Amino acid sequence: MATIAAHVPSTSHPGAKKKKSLVWDLMTTVDHKKIGIMYGVTALFFMLVGGLEATLIRIQLSKPENTFLSAETYNSLFTMHGTTMVFMVGMPIAVALFNYIVPLQIGARDVAFPRLNALSYWIFLIGALFMNSSWFFGAAPNGGWFGYANLTEKLYTPGLNTDFWALGLQALGAASIMGAVNFITTIINMRCPGMKLMRMPLFTWMAFITSFLIATALPVFAVALFMITFDRWWGTNFFQTMAGGDPMVWQHIFWMFGHPEVYILILPAFGIVSEIIPTFSRKPLFGYAVMVYSASLIGLIGWGVWAHHMFATGMGPIADAFFTISTMIIAIPTGVKIFNWMATMFGGSIRFTTAMLFAVGMVIEFTIGGVSGVMHATSPHDLQQTDTYFVVAHFHYVLIGGLIFSIFGSLYYWFPKFTGKMMNETIGKAQFWIFVIGFNLTFMPQHWIGLLGMPRRTFTYSAELNLGGLNMMSTVGVLFQAVSVLLLIANIIYSLKRGAAAGPNPWGAATLEWATESPPVEHNFNRLPHVHTREPLWLEAAEIEDAARGTPDPYIHMPPSSYWPLLTAFGVVLTVALFMTGIWWAPLVGMTWITIGAINWAYEPTH
Amino acid sequence: MAQAAAVTTTHDHGHDGGHDHAVPYTSTGISMWKVGFWVFLGSETLFFGTLISAYMVYKHESVVGPYSSELLDIPITSISTFVLLMSSLAMVLALDALQHQTRKKAVIYTLLTAGLGCVFLGFQAFEFTHFFHEGLTLQKNLFGSTFFVLTGFHGAHVSIGVMWLLILAVDIMRGRTGPKESLRLEIAGLYWHFVDIVWIAIFTLIYLIK
Amino acid sequence: MLLIQAARAAAQVEYPQTTFQPVTEYGVLLNWLFMNTFWWTMSILVLVVGLTLAIAIRFRERPGDARPKAIHGHTGLELAWTILPALIVIAITIPTVKVVLQTQQKPPADALTIDVIGHQWWWEFRYPEYGVVTANQLWVPTGRPIHLSMHSADVIHSFWIPRFGGKRDVNPVPRSREGERDKRNHLQFTVKDTGSFMGQCAEFCGDSHALMMVSAMAVTPEYFKQWAAKMKPAMAQAVPVDPNATSVVQASNPINLAMPAPTGIGSPVRAEIPDSVWAAEGKKIFLGAQCIACHTIAGTSAAGVLGPSLTNFGLRPTVGAGVASSSLENVERWIHHPRSMKPGALMPGTMKGIDGGAAPTGLSDAQVHAVARYLKSLK
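From first to last, the protein sequence lines stand for chains D, F and R.
Under the numbering used here, the residue at position 219 of the first sequence is numbered 219, and the numbers go up by one with no gaps.
If you want the numbering used here, it's the position in the second sequence, counting the first as 1, plus 1000.
If you want the numbering used here, it's the position in the third sequence, counting the first as 1, plus 2000.
What the hints contain is simulated information worked out from the structure, not anything from laboratory work.
Small disclaimer: the values here were computed from a predicted structure and weren't measured.
Accuracy of the hints is not assured; some may be wrong.
To be verified - With a straight-line cut-off of 30 Å between C-alpha atoms, the simulated DSS-like cross-links for lysine-lysine are:
| id | chain 1 | residue 1 | chain 2 | residue 2 |
| --- | --- | --- | --- | --- |
| 1 | D | K429 | R | K2069 |
| 2 | F | K1104 | F | K1034 |
| 3 | R | K2352 | D | K154 |
| 4 | F | K1059 | F | K1105 |
| 5 | F | K1210 | R | K2183 |
For reference, chain D alone in the conformation it holds in the complex (with noise of 0.2 Å):
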């Protein structure tokens, strides 16, 4: 292998010859993997803070009457958990994997706009640290993560807090909608020949469903944050009662984008799954179309299903009715995608590296959230679970045993492809057990929690209510957490020291990433492969590997580096913090950055 890298030029594009500091680098690269690496550093580090916040609810809720935090506080932390854990660690963290492994799957050498994803990153990060900055201003947003009106009116928060919210979510979703544009892009036009659509590996499949739900959901939840905004800082009266508004059309607004981003949320986890159960079985997929088929009719039906969030809130038994059968069905297509994952399983011959056993815990803990999910969709009954810990217990199931489960597996997946080191196995197998240990205890009594009576969102609770053993255990159950992703990031900074090289393909599994050198060079395929199977390093070997590592292509031509969407990104931030100077000209110097940004940006040379 290292003779043919020897031969490999490093990069074919002039300005790369001379030497660039790493940060310099870092801020004006459009290389895609080197943007998904720092998303998912961004998001990890976020992971950090958002556990860090659960970690402070977690004291606080250890005891009934508990005065650890203040009231205003609580409040805070667990608007701030939600928001961070959803928009700037679960979203970010699969674009990240999208950023890096896509391309590598359909054997493209880039993302189809790789200046836009540039941008989509340095809006993501500028737009989530003024977010979090709102804390040094003591203004952190206090209204939930779903911000229902008309308690976020200017009525009832004068504060900052929500405008922190409402503004720095406006900027985090504008790049989340470049960047779903981009991935869909990408993966319409850029698949090498041969790489049909139903060739695609399963994890692409799922970045191009999630994308088209990016895009289509994000904007209505624009829609709905521009709304509020207004209402705040210009009196319009879209919630505002006594204008006739109706906090509900908020509620429903809010769950047209909310429900799709739960699969936003979750369908990378299918695709990460999809791909880390059949290396492991060395088995192909099974049921490779119907998991296709199943993922879409999700994508579809979860469009469908919003108002089974508002139950409670009086919509009338036929709306009740309604939602609750179509939430029912979309539970089928869910429980087909278990059965396919474990008849992969069937008949192989299984290694238990630490990634497979985040898969099948997922598997596992997964379904554990999905059953509590139909006995949500049971409408009647689920008046006694919402706004309980009962929900709190059920989507935590669904997105750290269904998501962070996943997300874990797949660090230890692809991380050989990203810095060619091994991850160390025996510190990886303690990890994931301490974790299913710690989040198992968090999460499971609160079930009973909920059902005997705990709403959520309570800084506090009455020791009449006798549940301070089942919240201590829960408490405990963080600290195995905690342990268990301090233990991940410990053998991340090791294994990049020490970790065994890991070769192109050291899981000897199909897709077309594992063709490429690891970490691949920055053009990824020396020849762009032709595929023939959905299985090309399983079935047809030797010609892609040698279209990826062998004789390169005499020009090969990669996009040049470049400082605008990180200049043009900053002006997108710049231009919602000072909105809330409330100067109606101040905001105006944001969009005059923006547009010289943009029109630098189109001129900007690329050849």
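Place chains F and R on chain D using the hints.
Relative to the frame of chain D, chains F and R by itself:
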């Protein structure tokens, strides 16, 4: 096997041959920009769809006047709608001129498109001031809030389109955008037609339906 | 009082807000439905977990394993595990939809309608049939259908007494041209057992959401009638006050802050002064201070509507919508500094700058003590 490799090689050479103006390889044969822009417009559709839905939901819920039925002026808006439709025609002619005819014609039609866009914006400014004098503001009632926010966002889209077209017109004049780069004008055109179609929806749903 | 305490003792359960021990036919129906879903989904869960673990163990890698046979799918199997969950889903959905329709019918004609009004962060209960208004403690007769008609005065709240059955959001009602649109929410149930039951707001409604408790007293119809009769003078004598007319601070008869304490108050012989003297003194202070701008007490000139009615306050087990038991010390502390007990509370305290809403009352410790004893005497 060897055949496959050979195919791959020629394939690559055919599409990534190192000529500056070669169309880069795409799986569908459609340009990257066009695919990406269509997806973006899909996203925009949902954006305007939500704004229009909000207007429809609150249509009869204003507590105080002036109400929509008292203010919306169909004849005048029909004229501005017609102007915007004509600008789409000019847009088509501009692209055709750039691709198949003279640069001068292309510039004229591009400027005409932008000019008609400006006329439309003028109508909108007139309408906004008129409503304002009748007592309708953003804060007055739900009709004011939903109407100004919806048409305001649309107006902002038209303004961006006008600026975009003006920049392209200068570009075409200077010869920086010629028939080979006509994709730039085509993308701007896609955007322009989209904004036009959104207006047709607004005109139908907000003005025509009582 | 004895009867109340007896009822309270009878209703003692290990978890006072449990959903598992409903006392209404509504709650029982929901639990039956839940059990149906529970057992169906549990069987799926056991199947999936069991099979996954079995497969994981049976097909783990063993030395010398040959490459497993590649199987790409099986239409029959796919059909089977689509149809099987579909059947289970049907078995869950049909009773669910039935219960949805069953629990949201029009209330029966003989139902007792109670208007529930959510406030940040307390509950108001109006009994139009009896002309009674009360706060934070819902009194209901057993055996008679109860119909709660609910809306909010500010933000969204959610009314939830778990042992009565499911919760329902309490939404602010948008204004409309024709007055209020009928967008109130409804809950209906019939309580079977007497007793005292706990609940709390279940929709995040701002700073003190966690402290927006509600308690319910379910009593026999006879006792309920007695209670209502006792509460009634409130409406007969109450002077309607327009909450928007004047600022909250301006009481009709501003208290003289320099007013000397009544004889004996503040002296070491406090305890020797009889309750009736305290109560009379407290009443005078209460009615003379800005308290009456927001609070109503039946049979007095206090008729404010911004804050909870304090009629028969002495019967309530708690102060501040459940933040603490209504012991004399707690009531005094509440009057003195409400925000120390309930963050964000709108009621002013006695001191400048530490409580919100309106200007401080400036009551002395002795005056606070008198008012507290007056309130406690109302029963």
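Checked hints:
As the CA atoms of K429 of chain D and K2069 of chain R are separated by approximately 28 Å, the hinted pair is consistent with the 30 Å bound. Between K1104 of chain F and K1034 of chain F, the direct Cα distance comes to roughly 25 Å. Compliance with the 30 Å bound is thereby established for this hinted pair. Taking the CA atoms of K2352 of chain R and K154 of chain D, the gap is about 25 Å. The hint holds against a cut of 30 Å. A threshold of 30 Å between alpha carbons decides the hint, and for K1059 of chain F with K1105 of chain F the separation of about 45 Å lies outside it, so the pair is violated.
For the hint pairing K1210 of chain F with K2183 of chain R, the CA-to-CA distance comes to about 24 Å; that is within 30 Å, so the pair holds.
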